[in-house]
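Asks: So the chains spell out like this:
Number of protein chains: 2
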Amino acid sequence: MKEIDRLLKGEIAVANLGSAIFVDSLRNQGKRVIAVEWSPPCRGDERLFGMLESLRREEVVVEGRPTRLDELISRANAKALETLNKAHPFLVGIGKAVDDIPGMADDLVLHAGPPIGWERMCGPMRGAIIGALIYEGRAKDQTEAERLAASGKIRFEPCHHHAAVGPMAGVVSPSMPVWIIENRHTGNRAFATLNEGLGKVLRFGAFGQEVIERLRWMERTLAPVLGQAIEIHGEVDLRVMIAQALQMGDEGHNRNRAGTSLLIRELAPAIAMASASNEDKSDVLKFMNSNDHFFLNLTMPAAKSCVDAIAGLPGCSIVSTMARNGTDFGIRISGLGDRWFTAPAPKVKGLYFTGFSEADANPDLGDSTVCETYGIGGFAMAAAPAIVQFVGGAPSDATRYTLAMYDITVGESKNYRIPVLGFRGTPTGIDLIQVVEKSLVPVVNTGIAHKQPGIGQVGAGLVEPPLECFEEAFTALYESLKRA
Amino acid sequence: MKEIDRLLKGEIAVANLGSAIFVDSLRNQGKRVIAVEWSPPCRGDERLFGMLESLRREEVVVEGRPTRLDELISRANAKALETLNKAHPFLVGIGKAVDDIPGMADDLVLHAGPPIGWERMCGPMRGAIIGALIYEGRAKDQTEAERLAASGKIRFEPCHHHAAVGPMAGVVSPSMPVWIIENRHTGNRAFATLNEGLGKVLRFGAFGQEVIERLRWMERTLAPVLGQAIEIHGEVDLRVMIAQALQMGDEGHNRNRAGTSLLIRELAPAIAMASASNEDKSDVLKFMNSNDHFFLNLTMPAAKSCVDAIAGLPGCSIVSTMARNGTDFGIRISGLGDRWFTAPAPKVKGLYFTGFSEADANPDLGDSTVCETYGIGGFAMAAAPAIVQFVGGAPSDATRYTLAMYDITVGESKNYRIPVLGFRGTPTGIDLIQVVEKSLVPVVNTGIAHKQPGIGQVGAGLVEPPLECFEEAFTALYESLKRA
Numbered sequence: 012m013k014e015i016d017r018l019l020k021g022e023i024a025v026a027n028l029g030s031a032i033f034v035d036s037l038r039n040q041g042k043r044v045i046a047v048e049w050s051p052p053c054r055g056d057e058r059l060f061g062m063l064e065s066l067r068r069e070e071v072v073v074e075g076r077p078t079r080l081d082e083l084i085s086r087a088n089a090k091a092l093e094t095l096n097k098a099h100p101f102l103v104g105i106g107k108a109v110d111d112i113p114g115m116a117d118d119l120v121l122h123a124g125p126p127i128g129w130e131r132m133c134g135p136m137r138g139a140i141i142g143a144l145i146y147e148g149r150a151k152d153q154t155e156a157e158r159l160a161a162s163g164k165i166r167f168e169p170c171h172h173h174a175a176v177g178p179m180a181g182v183v184s185p186s187m188p189v190w191i192i193e194n195r196h197t198g199n200r201a202f203a204t205l206n207e208g209l210g211k212v213l214r215f216g217a218f219g220q221e222v223i224e225r226l227r228w229m230e231r232t233l234a235p236v237l238g239q240a241i242e243i244h245g246e247v248d249l250r251v252m253i254a255q256a257l258q259m260g261d262e263g264h265n266r267n268r269a270g271t272s273l274l275i276r277e278l279a280p281a282i283a284m285a286s287a288s289n290e291d292k293s294d295v296l297k298f299m300n301s302n303d304h305f306f307l308n309l310t311m312p313a314a315k316s317c318v319d320a321i322a323g324l325p326g327c328s329i330v331s332t333m334a335r336n337g338t339d340f341g342i343r344i345s346g347l348g349d350r351w352f353t354a355p356a357p358k359v360k361g362l363y364f365t366g367f368s369e370a371d372a373n374p375d376l377g378d379s380t381v382c383e384t385y386g387i388g389g390f391a392m393a394a395a396p397a398i399v400q401f402v403g404g405a406p407s408d409a410t411r412y413t414l415a416m417y418d419i420t421v422g423e424s425k426n427y428r429i430p431v432l433g434f435r436g437t438p439t440g441i442d443l444i445q446v447v448e449k450s451l452v453p454v455v456n457t458g459i460a461h462k463q464p465g466i467g468q469v470g471a472g473l474v475e476p477p478l479e480c481f482e483e484a485f486t487a488l489y490e491s492l493k494r495a
Numbered sequence: 012m013k014e015i016d017r018l019l020k021g022e023i024a025v026a027n028l029g030s031a032i033f034v035d036s037l038r039n040q041g042k043r044v045i046a047v048e049w050s051p052p053c054r055g056d057e058r059l060f061g062m063l064e065s066l067r068r069e070e071v072v073v074e075g076r077p078t079r080l081d082e083l084i085s086r087a088n089a090k091a092l093e094t095l096n097k098a099h100p101f102l103v104g105i106g107k108a109v110d111d112i113p114g115m116a117d118d119l120v121l122h123a124g125p126p127i128g129w130e131r132m133c134g135p136m137r138g139a140i141i142g143a144l145i146y147e148g149r150a151k152d153q154t155e156a157e158r159l160a161a162s163g164k165i166r167f168e169p170c171h172h173h174a175a176v177g178p179m180a181g182v183v184s185p186s187m188p189v190w191i192i193e194n195r196h197t198g199n200r201a202f203a204t205l206n207e208g209l210g211k212v213l214r215f216g217a218f219g220q221e222v223i224e225r226l227r228w229m230e231r232t233l234a235p236v237l238g239q240a241i242e243i244h245g246e247v248d249l250r251v252m253i254a255q256a257l258q259m260g261d262e263g264h265n266r267n268r269a270g271t272s273l274l275i276r277e278l279a280p281a282i283a284m285a286s287a288s289n290e291d292k293s294d295v296l297k298f299m300n301s302n303d304h305f306f307l308n309l310t311m312p313a314a315k316s317c318v319d320a321i322a323g324l325p326g327c328s329i330v331s332t333m334a335r336n337g338t339d340f341g342i343r344i345s346g347l348g349d350r351w352f353t354a355p356a357p358k359v360k361g362l363y364f365t366g367f368s369e370a371d372a373n374p375d376l377g378d379s380t381v382c383e384t385y386g387i388g389g390f391a392m393a394a395a396p397a398i399v400q401f402v403g404g405a406p407s408d409a410t411r412y413t414l415a416m417y418d419i420t421v422g423e424s425k426n427y428r429i430p431v432l433g434f435r436g437t438p439t440g441i442d443l444i445q446v447v448e449k450s451l452v453p454v455v456n457t458g459i460a461h462k463q464p465g466i467g468q469v470g471a472g473l474v475e476p477p478l479e480c481f482e483e484a485f486t487a488l489y490e491s492l493k494r495a
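Residue numbers (the numbering used here), protein chains in the order written: chain A, 12 to 495; chain U, 12 to 495.
Please keep in mind that the hints were generated in silico from the structure rather than gathered at the bench. Among these hints, one or two may not hold up.
Any copy will do: because identical chains look the same in the list, a pair fits if it lies in one copy or spans two.
Unchecked claim - Straight-line alpha carbon distances no greater than 35 Å define the calculated DSBU-like cross-link-like pairs of lysine-lysine that follow:
no., residue 1, residue 2
1, K90, K42
2, K90, K493
3, K13, K358
4, K425, K211
5, K13, K493
6, K107, K297
7, K297, K449
8, K42, K358
9, K425, K20
10, K425, K90
11, K449, K493
12, K425, K360
13, K211, K151
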């Protein structure tokens with residue numbers, strides 16, 4: 012009996028790979044079907060797949076010796092992972108944007124995400140810039156501020172170009188106080204403004220009187236008291252604090268209750284010693300206690316100080332920046348230096364505050380994806396099952412998201428460990444090549460801003476970064492390596 | 012063919028119920044064996060099983076009507092569970108033991124666990140009493156204190172008899188400051204001393220100069236500042252705070268980092284307003300920040316104020332007290348009022364600090380089992396996977412312990428929910444009858460004291476309460492119900 016006849020003698024069972032369209036029809040015919048989850052590499056795109064194959068086969072000459080491209084990439088990625096793991100962010104003080112942020116100037120306003128001009132900016136970013144110009148005394152109201160912003164007399168640049176990051180609109184203007192973070196491993200610094208709280212706040216595009224007054228109080232009272240407290244306390248080891256928060260139900264992006272609590276208990280004894288009045292010190296402590304996201308504006312520059320340390324490593328395929336300006340989603344790749352790859356900012360799927368819906372939502376916004384770039388936030392959601400009350404889904408989803416991210420990262424954190432996963436390190440170092448091969452984008456959780464300026468936060472949820480910008484970056488990386 | 016022949020015609024597979032002793036030998040003979048985990052009810056004890064059957068069949072006359080015993084018990088247990096769920100503990104202030112604890116007197120020292128005299132007390136409890144008598148100025152050194160303690164001039168009574176609880180030795184002497192907790196649902200109060208910190212501390216039986224000086228500082232500085240802060244802040248809702256802590260990796264007994272953090276951030280703004288010097292306020296905040304167990308001494312009296320509300324409910328089979336004096340483990344049952352059932356205190360299995368081993372360990376000690384009695388602590392370990400670093404085991408064990416406790420509890424907490432279990436309420440209301448039927452004792456995690464007075468903590472771990480005292484209580488409950 013021929014082999015094929017023997018095989019076909021019994022009942023035929025079908026193993027279906029990938030697309031499920033045949034499964035139901037076969038099952039309806041009474042056939043046994045095993046459905047295997049599978050999708051073709053690079054979503055079946057031959058051009059991308061060709062480049063992927065080429066990266067795995069071809070050699071280039073490095074320092075006079077033929078070297079396989081994939082070895083070159085692996086070596087660079089291993090080095091980058093080591094740099095991320097050794098990165099050691101400390102809070103060293105509080106400064107003023109114009110004095111401390113490199114390249115900051117009186118006519119410059121920083122914003123979240125990739126570069127963008129006033130004309131293309133989304134509502135909440137415009138709202139935040141209006142608020143910042145009023146706060147700076149450059150405009151007396153919305154109309155004046157809009158006119159000034161459009162006049163060309165104010166320059167706009169990404170926070171990311173100035174060692175800074177900002178949640179949501181991410182607007183930093185010259186007089187704002189900023190946290191100063193130092194990565195002790197590499198010596199570089201990063202900056203972020205202090206978190207204003209919830210509801211109607213500048214970062215979500217609100218710019219009413221209460222917003223401006225709060226910013227002035229932060230400059231006059233909050234920053235000086237905290238600055239003094241840091242001097243009295245000494246620098247604060249943020250790597251240890253973030254690691255502890257991840258053992259206390261935070262994931263380091265949208266759940267910050269533990270981090271905020273740890274920061275308060277650490278600084279409170281020093282705040283008590285500050286020279287301010289009891290009322291001011293009490294107000295500072297109340298302000299921090301009233302805002303569970305207070306710690307976010309420390310996690311973000313901490314992460315920034317770490318990912319900046321892997322920018323520009325030749326051959327490295329790790330994502331060194333992910334950021335959104337509410338119009339575009341942009342990424343940068345370590346091996347490709349300062350070049351941005353952008354695609355339209357996607358919608359966020361999530362839970363909306365009472366009275367709001369997806370129709371009100373601005374597309375994805377903010378530099379807070381620096382958390383995921385660093386291997387926390389969405390990547391550490393298994394550590395924070397309670398976050399689903401804020402961003403939607405079930406606690407088991409939180410674990411699923413983290414586990415999926417091990418498929419697109421080069422390694423695991425040695426610092427940030429997840430108790431429920433047996434203290435496994437968080438997935439760290441997003442590998443552009445694996446993202447493109449598996450068509451699996453990084454998971455990001457985020458706040459949602461109203462699309463109109465002046466309103467504020469309307470919800471929180473999860474977002475899928477656009478695959479297009481990763482594929483474009485992949486092509487660029489391939490071309491740059493072939494030239495190498 | 013006879014049925015039996017037909018059955019025996021094929022290969023014989025064995026389903027083995029319970030004891031595994033046959034499994035290996037059958038497997039060695041090449042037989043297929045399915046091992047089913049099973050143990051006989053009441054560990055096969057016919058007398059206990061007879062009483063269990065009788066409870067489920069027999070009737071008594073209640074208010075002129077015949078009522079099945081198990082219905083009577085179910086109704087009482089349902090009422091008790093409701094009382095536990097509605098119980099609402101608040102921190103209302105700080106007082107002084109002799110002024111505020113009901114029945115406290117100048118010649119009285121309270122201790123953890125069931126009643127015990129000086130002669131039978133374990134080393135760390137003697138050490139704590141020595142320290143308390145020196146602290147009170149009743150003795151100048153160890154020798155004098157031991158003589159006084161043995162003289163009969165000092166009375167010793169359980170904390171539990173005075174609406175109080177204490178971790179480990181649980182020693183409360185007249186001058187000590189105490190937290191005042193009020194259960195808003197039933198109006199009763201509960202008391203505990205303030206937590207001294209880690210290492211050489213009175214509750215673990217240390218009584219050196221540093222211990223006494225710390226206790227004096229707590230009386231002179233810590234308690235007045237915190238007392239003032241509570242007045243300024245207003246009462247603190249401990250049910251909300253414990254619930255939050257359980258979403259932040261605490262289980263409410265041996266992991267208190269979140270609870271301590273939440274307490275500090277809540278009280279810090281009021282501490283800043285207190286009339287003390289900046290130095291004193293800073294020292295108070297430092298002291299709390301340096302001790303992750305600071306919140307334990309609030310969780311315990313909170314739990315006490317709740318479980319006291321279910322003491323003495325006729326027919327109720329729920330455990331209302333579990334406590335250990337380091338010599339005996341004792342329980343009380345709601346339906347049996349004040350009667351203690353005791354058995355020798357067991358050894359703790361756990362992790363030892365460097366330089367110590369099980370040979371140094373005192374048997375199980377302390378009132379902190381009030382946490383498990385209330386449905387948190389060991390029962391909520393699934394919420395606190397990181398605790399295994401302190402008490403031993405793997406994170407998956409933590410979940411397993413919690414799941415097992417649903418088998419011996421009458422219901423679930425409506426207040427304390429575990430994110431990783433899909434926000435399921437913690438197992439609440441330990442049912443004596445199910446404990447005895449299933450021979451499954453409550454899981455308890457705990458600190459370990461050195462068995463000699465004067466040394467202190469040597470580790471932490473898990474302990475299995477002795478089944479004997481549950482079986483003895485079960486017999487008593489059966490007899491009391493038959494008489495009803």
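Asks: Since the copies are identical, ignore which copy is meant and state whether K107 and K297 lie within 35 Å (CA to CA) inside a copy, between copies, both or neither.
Replies: both (23 Å within a copy, 29 Å between copies)
Asks: With identical chains, the pair K13 and K493 could be close in the same copy or across copies; at 35 Å between alpha carbons, which is it: within, between, both, or neither?
Replies: Cα proximity of K13 and K493: none, with 49 Å in one copy and 80 Å across.
Asks: Pop the pair K13 and K358 into one bin, within, between, both or neither, using alpha-carbon distances up to 35 Å.
Replies: neither (57 Å within a copy, 71 Å between copies)
Asks: From the Cα coordinates, with 35 Å as the cut-off, is the pair K449 and K493 best called within, between, both, or neither?
Replies: within (22 Å within a copy, 69 Å between copies)
Asks: Check K425 against K90 for me: Cα-Cα at most 35 Å, and say if that holds within a copy, between copies, both or neither.
Replies: within (14 Å within a copy, 50 Å between copies)
Asks: Regarding K90 and K493, is the shortest C-alpha distance of 35 Å or less found within a copy, between copies, in both, or in neither?
Replies: Classified as within; 21 Å inside a copy, 76 Å across copies.
Asks: When no copy is named, should K425 and K20 be tagged within, between, both, or neither for a Cα gap of at most 35 Å?
Replies: neither (55 Å within a copy, 60 Å between copies)
Asks: Give the relationship of K211 and K151 under a CA distance limit of 35 Å: within one copy only, between copies only, both, or neither.
Replies: This pair counts as within: shortest intra-copy Cα distance 19 Å, inter-copy 62 Å.
Asks: How would you label the pair K425, K211 (within, between, both, or neither) given a Cα cut-off of 35 Å?
Replies: Result: close only across copies, 33 Å inter versus 38 Å intra.
Asks: From the Cα coordinates, with 35 Å as the cut-off, is the pair K90 and K42 best called within, between, both, or neither?
Replies: For K90 and K42, neither the intra-copy (51 Å) nor the inter-copy (55 Å) Cα distance is at most 35 Å.
Asks: Please work out whether the CA atoms of K297 and K449 approach to 35 Å or closer within one copy, between two copies, in both situations, or in neither?
Replies: Intra 47 Å, inter 50 Å, cutoff 35 Å: neither.
Asks: Are the CA atoms of K42 and K358 at most 35 Å apart within a copy, between copies, both, or neither?
Replies: neither (40 Å within a copy, 60 Å between copies)
Consistency with the previously given hints fails for numbers 1, 3, 5, 7, 8, 9, ordered from lowest to highest.
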